[in-house]
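K.L.:
Start counting the sequence shown at 1; every next residue gets the next number (UniProt numbering).
Treat the hints as calculated values from the structure; they're not laboratory data. It cannot be assumed that every hint is accurate.
Said to hold, decoys possible - Calculated lysine to aspartate or glutamate pairs in the EDC-like style (CA-CA distance at most 20 Å, straight line):
1. K295 / E443
2. K400 / E439
3. K295 / E471
4. K295 / E42
5. K413 / E442
6. K413 / D434
Small disclaimer: the values here were computed from a predicted structure and weren't measured.
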Amino acid sequence: MAIFWAIQARWLNLTYAGMSDMVSWTFMVLALMCWACRGWTEHLGTEQAVSLLASVIVAGCVVQAAIGWLQYTGLASHFSGYLMYRKGIVEGQLAQRNHFAHYLMWGVLCSAWLWSQRRLSAGIASALVLFFAATISLTGSRTVFAYILMLTAWLPIYRIIGGRESTRPVIGLALAAFVVLVSQYAVEPMLNWISSTNQVQTAAERMVGSQIEGSGRGYEWRKAWQIFLSAPLFGYGWGSYSLYGFLENVYPTGFRPYENNVLFTHSHNSFLNLLAEMGLVGTTLILGGLAWAVKGSLQRINQPVGGLLIALMGISLVHSALEYPLWYIYFLSAFTLFIGFSPAPQTKSNRPKGQSSLHFLLPYVAALFAVFIAIGILRLASAYQELRQFSGNPETLPTKRTQQIVGLLRIAKTEPMLRHYAQFQLSSFINPNDATQPEWAEEALREALQYRPYANAYKYAFVAYQAGHIEEARDWMRLMYHYYPAKMPAYAAPIMNTNHYLELRDDYTRTCQAYRQVVPSAPLCAEALPLPMRVK
């Protein structure tokens, strides 16, 4: 996979090949971690190794769940700077309710499985499952119902594959899932009966009236599919959904009707997103590689360990059908651990292990590679700290401002993995109201703001206009109006209040009036200030 990402970036001549390289190196590190986990399980024993992994997950979930209750009661507000807190939202330290529920669901399954292996007593396991399930109910995460459906489908298969030895784990996981389901309907009413001061919206309440069709998620899924159909084999490259989702207009009125201040950098369906960015070849390589890596978990001889690992991965894959948890390194790393701890497939080969020279040399090669990676990470971290030094709000003193710009330009030139971030930061030094723009502006803004056209990407149109690319500027602003219609008043200011962009005025007025016909409550369209009188 790492090789595919690196080759695809060059094959498609991507602007930011360094972003693909970052993913490639990440997957090489994860592959090394998988190899280390596989060796550890062979040395320690799969059941004991997975039990340790499950115990660590349970311990982490206990801490996170405790933080969740501090957030629910409002006590987390007293630990500002240490604990996250937003009134009415229970999200642990993961900053998103769905991520929090995802993580706690791992804890539920691990607690039940540890009981099935007689590593936890029934009392402790029951208390943990109840604690985690009650906390999950406070998150209001609707994906919990999808997790339960997944377990409903997987547990019978788990029992068939594992035979009689898997009966106890299947019963434990099934009971745990049932407790989670009941908690979605029972916990919040019980808490309201005790005290009505703290209320959160439950997942069951949030499910009422929700649907995919016509929602932002539904539109993004449709876009991803259309993007895939336009480049089915190799896609458009890693990270390309930001631009192509921006370009794809599937809205009934032509104007985006949802969250129209935000750029969707992902389609909120990881499988569709892979198809759009990596094409059929890349997606098959990823999913096929995953199936090959975990096939040992489907063998009877490797149960009941394999069944738990498949269930844990299933939680992440189900969530991935609705969002993109595996785009976050903390979830991806844990998911990779599940792969690494998966038992190796049992074969009929009688070849003795450890006899080849390759087997002898492999640990030393891996250690050398790990040192090489560590040095690279430290060097990149140093460059990143330098990037942070030059980032932030532009300085007002000309000398310091110049130092910032020169530093960012140098990083963009010498650090491929940080090039986008440096160029994007350069956009903050551009004032559309200025009559002229610096020489570096057009290239930096074209590359950075077309790669991820956030709401400030209108600056590229103004830079292109002043460089003489008027039609390109008009086309870009039309796209901005339709993707960010709520931002039109802000976009109008430089167009209507200066004389720098006269040929953009008619497009703005026409588009703004069309939007007001669709959304009558939209702000009035700005009118141009009178042009200054010419002195003869």
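K.L.:
If a hint holds in the structure, say so; if it does not, say that too.
P.N.:
To see whether the hints hold, each was checked on the structure:
For the hint linking K295 to E443, the alpha-carbon distance of about 48 Å lies beyond 20 Å, and the restraint is violated. Proximity of K400 to E439 is assessed by CA-CA distance (about 19 Å); at most 20 Å being required, the pair is judged to hold. As the CA atoms of K295 and E471 are separated by approximately 55 Å, the hinted pair breaks the 20 Å bound. Only pairs whose Cα atoms come within 20 Å are accepted, and K295 paired with E42 is accepted, the gap being roughly 16 Å.
Between K413 and E442, the direct Cα distance comes to roughly 15 Å. Compliance with the 20 Å bound is thereby established for this hinted pair. Simply put, K413 and D434 have alpha-carbon atoms about 26 Å apart, too far for the 20 Å limit, and the pair is violated.
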